[in-house]
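**Q** Each chain is listed here by its residues.
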Amino acid sequence: MADLTVRIGSLVLKNPLMSASGCFGYGLEYAGIVDLSSLGAVVVKGLFLEEREGHPPPRVVETPSGLLNAIGLQGIGARRFVREKLPELRRLNAVVVVNVCGTTIDEYAEVSRILSDAEGVAALELNISCPNVREGGIQFGSDLASAGAVVAAVRKVTPLPIFPKLTPNVTSVAAFARAAEENGADAVSLVNTFLAMVVDVERRRPVLSNGMGGLSGPAIRPIAVRMVYECAQQVRIPVIGMGGIASARDALEFLIAGASAVQVGTANFVDPLIWTALAAGIEDYMIRHGIARLADLVGTLERGR
Amino acid sequence: MAPADVQAEVLGNRRLSADYNVLLLDAPAIAAAARPGQFVMIRTGPGTDPLLRRPFSVFEIVGDGGRAPSAFSVLCKRVGPGTERLYRLEAGGCLSVLGPLGKPFDLVAPPAEAWMVAGGVGLAPFAALAGALRASGVACRLFYGARTAADLFYLDDFAARGVALDLATEDGSRGTRGLVTAPLEIALRGRPAGAAVTLYACGPEPMLKAVAALAGAHGCASQVSTERVMACGMGGCYSCVVSVRDSSGRARFVRSCLDGPVFDGAAVAWD
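From first to last, the protein sequence lines are chains A and B. Residue 1 is where the first sequence starts when you use my numbering, and the numbers rise one by one after that. Residue 1 is where the second sequence starts when you use my numbering, and the numbers rise one by one after that.
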């Protein structure tokens, strides 16, 4: 039997599969049909300090092999999450990673402190990359000094593993990965969605109420693989890869390119039972190629043809 | 109760017109659990384009004799490549179907009457609802509007269930000329004092809003089945929100896949 365990800082995951934030609610929505403890980690929806309403509909539109969304980070806030969702997630033995949002560096630190004080949060993913809200995330994630400052501020207030989620909407994602590493991140996750737009030609207006949105799904996968590869070349901390993964083969591309773990988002909307097939497919591949430990597969991309 | 993700065999595809069809699906796990007003998410084909499942109301729940229902149908309208595939499917084909999902209609009991209001493809939840209500002896009327007479379907079926029909077409080719809310308003004005009526509505959003307003003006309850672009149907994506007033009167976005698709018409913040 292949060893699928993954180490992210002090955290050991039973397998490399995580739900992508914003694509799995608070996890409990799926508890009726998915054994949450079978995932490496459940990454829940982004949380600010306070509740947020999000954008008016329409919030999503489908594109060729893709999905454009501008939800606007609707959420219940960190305290309500700790009170209303975390106890049940713990009871179900889920490894809980919370996606932390902020409009200021202080807010990132405060949300992180609240979640660190609560029993049952395994790690924090820092959302410095949501393309859809003006005052939350992306302005930190598209400036190197600000991105480093968010990581450093959260590092001071939490012993939990932290990993910023990086945006692809910059010239060099790898530069941001390096800034994260230098400021104490345990890992980086990438990529968030690509800023994009769909136009309703009859009405000559954007389809989404927010105008622009973030593109996800199989359409973005090859670009995401390239970015994960570039980042993995430039940092020593683990890279958590995502972007359009819809099969074990897709996940293996990311792992071979240098990702230590992967997140699955859009594909979960189509197939909420995808997790079992992904784990089995990765294990089959390892057995077929004589790889005993997943860590021995990570970053094994050969140069040349 | 947790939904089931099943491979359902297509038992039949009844093409009602150039755009509308009814797919009958063999799915005992879903059919036995489904309640009127609930929906399913259907993957229209393999591959990634179209990528997402599409939501469909449970149209009819079909049993054989006294046993638990083993099949159900969905009413489809051809609007894009996904529904095009569903229109062209033949019996014997297979579809990935997730459900049942969402909150069903609250069923009234006699002597209360149920008046269903359907606009176009908004007929989609009402065969199952009429079946359940008639089984418990509730007097039912269906106010049913469409663009033209050829787009009015299943009239004999509803009539055979003992549902009184009030039809409207925008071109006047059948029933009242104009919108279905006109005969509804006349009927509400003309009903006997003290008669308890609940309105059940599904159709275009302006129609739902008008039905909710008529219900309020005439002292009736209304239950409206909303339609939103929906990515997952499970509560994961937060795309399908409807603005609904909570007990303090504050409007909040709630997920129509979990808290709906059926809402109290008086609670929806329509603007």
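Just so you know, not all the hints are guaranteed correct.
What the hints assert, rightly or not - Quick list of in silico lysine to any residue cross-link-like pairs, SDA-like style, CA-CA up to 20 angstroms:
(1) Lys-77/B to Ala-112/B
(2) Lys-156/A to Lys-85/A
(3) Lys-85/A to Gly-235/B
(4) Lys-209/B to Gly-235/B
(5) Lys-103/B to Leu-28/A
(6) Lys-103/B to Glu-29/A
(7) Lys-77/B to Pro-50/B
(8) Lys-209/B to Pro-56/A
(9) Lys-209/B to Pro-57/A
(10) Lys-85/A to Lys-77/B
(11) Lys-103/B to Ala-31/A
(12) Lys-209/B to Asp-156/B
(13) Lys-85/A to Asp-259/B
Derived from the structure by calculation, the hints contain no laboratory data. Owing to the predicted nature of the structure, the values given are computational and were not obtained by experimental measurement.
**Q** Now look at each hint and say whether the structure bears it out.
**A** So, going through the hints one by one against the coordinates:
1. Lys-77/B to Ala-112/B: 32 angstroms, violated
2. Lys-156/A to Lys-85/A: 26 angstroms, violated
3. Lys-85/A to Gly-235/B: Measuring from Cα to Cα gives roughly 14 angstroms; hence the hint holds.
4. Lys-209/B to Gly-235/B: 24 angstroms, violated
5. Lys-103/B to Leu-28/A: 17 angstroms, holds
6. Lys-103/B to Glu-29/A: 14 angstroms, holds
7. Lys-77/B to Pro-50/B: Holds. Lys-77/B to Pro-50/B sits at ~16 angstroms (cutoff 20 angstroms).
8. Lys-209/B to Pro-56/A: Holds: Lys-209/B and Pro-56/A sit about 17 angstroms apart, inside 20 angstroms.
9. Lys-209/B to Pro-57/A: 17 angstroms, holds
10. Lys-85/A to Lys-77/B: 39 angstroms, violated
11. Lys-103/B to Ala-31/A: Answer holds: Lys-103/B to Ala-31/A is near 18 angstroms, not above 20 angstroms.
12. Lys-209/B to Asp-156/B: 28 angstroms, violated
13. Lys-85/A to Asp-259/B: 17 angstroms, holds
Against the hints set out earlier in the document, violations occur for numbers 1, 2, 4, 10, 12.
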